[in-house]
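Given the structure of chain P, go ahead and fit chain Z onto it with the hints provided.
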Amino acid sequence: METKKRVVVTGRGVISPIGSSVSDYWEGLCNGVSGVRKITEFDSSGASCQIAGMVTDFDSDVHFSHREKKSYERFTQFGLVAALRAAEEANLLDQDGDSGEIGVMMGTGVGGITSYAQAYDALFAGPEERPIDTYTIPRIMNSAVSSAIAIRLGIKGPNFTLNTACSSGGNAVGQAMQWIREGRLRAVICGGAEAPVTYGLLRAWDALGVLSRKYNDTPETACRPFDKNRSGFVLAEGAAVLVLESLESANKRNAPVFGEIAGFGSNCDASSLTNPDENGVAESMKLALDDAEISPDSIGYINAHGTGTRINDPLECRAIHRVFGDRSVKLPVSSSKSLFGHAMGASSALEALATLLAVQNDCAPPTLNCDDLDHECVIDPVPYNSRKVQIEAALSNSFAFGGSNAVLVFRKWKP
Amino acid sequence: METITRKKIEQSCLQTIAVEMGLKSNDLNTEMNLRDDLDIVSLDAMNIIMALEDEFKIEADIETVLEMQKVSDIIDHLEIRINS
Chain P
1 METKKRVVVT GRGVISPIGS SVSDYWEGLC NGVSGVRKIT EFDSSGASCQ
51 IAGMVTDFDS DVHFSHREKK SYERFTQFGL VAALRAAEEA NLLDQDGDSG
101 EIGVMMGTGV GGITSYAQAY DALFAGPEER PIDTYTIPRI MNSAVSSAIA
151 IRLGIKGPNF TLNTACSSGG NAVGQAMQWI REGRLRAVIC GGAEAPVTYG
201 LLRAWDALGV LSRKYNDTPE TACRPFDKNR SGFVLAEGAA VLVLESLESA
251 NKRNAPVFGE IAGFGSNCDA SSLTNPDENG VAESMKLALD DAEISPDSIG
301 YINAHGTGTR INDPLECRAI HRVFGDRSVK LPVSSSKSLF GHAMGASSAL
351 EALATLLAVQ NDCAPPTLNC DDLDHECVID PVPYNSRKVQ IEAALSNSFA
401 FGGSNAVLVF RKWKP
Chain Z
416 METITRKKIE QSCLQTIAVE MGLKSNDLNT EMNLRDDLDI VSLDAMNIIM
466 ALEDEFKIEA DIETVLEMQK VSDIIDHLEI RINS
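Chains P and Z, in that order, give the protein sequences. Note that the numbering used here gives residue 36 to position 36 of the first sequence, counting from 1, and the numbers run on in steps of one. Note that the numbering used here gives residue 417 to position 2 of the second sequence, counting from 1, and the numbers run on in steps of one.
Heads up, a few of these hints could be off.
[What the hints assert, rightly or not] Partial chain P-side listing against chain Z, Cβ under 8 Å, derived:
hint : residue
1    : H66
2    : R130
3    : P131
4    : D133
5    : Y135
6    : T218
[As the list claims (entries may be wrong)] In the SDA-like style, the derived pairs of lysine to any residue whose C-alpha atoms are separated by at most 20 Å in a straight line are:
hint : chain 1 : residue 1 : chain 2 : residue 2
7    : P       : K69       : Z       : G437
8    : Z       : K485      : Z       : E446
9    : P       : K4        : P       : I140
10   : P       : K70       : P       : I140
11   : Z       : K472      : P       : K69
12   : P       : K69       : Z       : R450
13   : P       : K70       : Z       : S457
Since the hints were made in silico from the structure, they are not lab data. C-beta atoms are modelled at their ideal positions from N, C-alpha and C, and glycine is treated no differently.
The following block holds chain Z by itself, in its conformation from the complex:
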């Protein structure tokens, strides 16, 4: 199976967030706070995670995702799920 790199996960994550929140992916970075910097609420987070689950054919842990603070937290979680 083709390895999915962290870079690829990061790109997809930023792109998905950008689409969901009506932003430009170039304006995003992995250290941004989901709520304070990006105004992501639980419904947005669910949409973002479901799109990424669909793309990478994985199941994320929703409870964990809803407690995440930064973009990089989502990437970390996806990386573990994808590679487990």
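The shape of chain P in the complex, shown without the other chains:
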């Protein structure tokens, strides 16, 4: 049987509600710092949920010219800055982007939603129509994020932005790995970016009954994955980007290696647009393990999808039991959404980075607010405090509306 080409992570970048450098992000994850806060960017008083995971340390003036600020929506700005940091860490900036051997694969869920809102406001929010900004279309389009990365870095290889709702970033990272394994490209800048916190989207998610409504006065306690009293998630924004590269390419140019991406499980429940299916979810984890050619016993940590909704958490735990059997009770399983909320298409990229860092540091970051473990969630949620634990390999789970699942396997780097 042909050996699979090894793919390693040589660069990392992040913009998040708990920190916008890799070290700050990891410190925030381990220290259980909450990034959920009262929404102050617009009047949210008409919404039942008035809190979100907001990025507060991002100054677009520092990163962009006036024209770039006009052209790039907030999600594109997040994705581009995270990509530049990842490329810089990978020493990829002086590489030959013209060669077509480097690609970009990003994921987003709702793209330029703020510009949609502004356009509709111009038409309907006043007594008379106002002009719609001519930059609306380039700001709205989902692919602006991957294009902006290519434009800034001069990368002329394949360029995609994919959308599989809340698993977009995970699927983007997985697909990027496949490109490299197939030998089509030697490096791919990949991840997810999202800035979904608008009043309209807040109300739309609330209408589904999946947002946490009871904790507006104590935002940091709102997202409670696996807890008996969980009541939903909160929206969040951010971006995470990885540089994936073939081992040969990384070795050839002496690039830093932060871990290996060893497996990708991608499938569809094919059952419902809104409800996850236990069979599909369990199967996606099995597919990822099979792809990585490792046994469930090799997994030392799972970064859960862990939304904190009534439906997801017990279903995900049952699926974990089906794959990991009796080990599930002792296997550290935590939800990063408890710290910074649900960043839609970027969440799985943010969590992929969290998983990579957990493997790198032999440390399982905690789940916040799991005070009273739901008896239907028979796992070890690593409550509140991070835990040093040997992690040779770990899973990053993402299960989206529409049933599009993406599970990634990260393995400790061993030359």
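Same frame as chain P, but now just chain Z:
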């Protein structure tokens, strides 16, 4: 109807360009070249013209506007439209 003076059109035009391009209106003058001096591309020009159309309640000729070279060309065109 109140007459709109060329001075008023000029002030509005410079102010609108300044806002759109992130510049100070005091640094602008009517002899500046739209592309070479102000880096105005077609999308910027469209935004500028739509804002001025909205302010003066007129309709500009977009094709003509996109071929203009100087700030004063926009002012000339607006003045004709406003007073016609």
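For each hint, the structure was consulted:
Given hint, P:H66 at the interface with chain Z, holds; its Cβ is 3 Å from that chain's nearest Cβ, closer than 8 Å. For P:R130, the suggested interface contact is upheld, since its CB lies about 6 Å from the closest CB of chain Z, less than 8 Å. Evaluation of the P:P131 hint against chain Z yields a held restraint, the C-beta minimum of about 4 Å falling below 8 Å. The closest approach between the C-beta of P:D133 and any C-beta of chain Z is roughly 6 Å, which is under the 8 Å cut-off, so the hint is satisfied.
Interface hint at P:Y135: satisfied, since its Cβ lies 6 Å from the closest Cβ of chain Z, which is below the 8 Å cut-off. Hint status for P:T218: violated, given a least beta-carbon distance of 40 Å to chain Z, over 8 Å. Between P:K69 and Z:G437 the alpha-carbon distance is near 10 Å, which keeps this suggested pair within the 20 Å criterion. At most 20 Å may separate the alpha-carbon atoms for a hinted pair to count; Z:K485 and Z:E446 meet this at roughly 6 Å.
The straight-line distance between the Cα atoms of P:K4 and P:I140 is roughly 38 Å, outside the 20 Å bound, and the hint therefore fails. About 12 Å separates the Cα atoms of P:K70 and P:I140, which keeps this hinted pair within 20 Å; it holds. Taking the CA atoms of Z:K472 and P:K69, the gap is about 29 Å. The hint is violated against a cut of 20 Å. At roughly 19 Å between alpha-carbon atoms, P:K69 and Z:R450 fall within 20 Å of each other, so this suggested pair holds.
Only pairs whose Cα atoms come within 20 Å are accepted, and P:K70 paired with Z:S457 is accepted, the gap being roughly 13 Å.
Violated hints, in rising order: 6, 9 and 11; the structure is consistent with all others.
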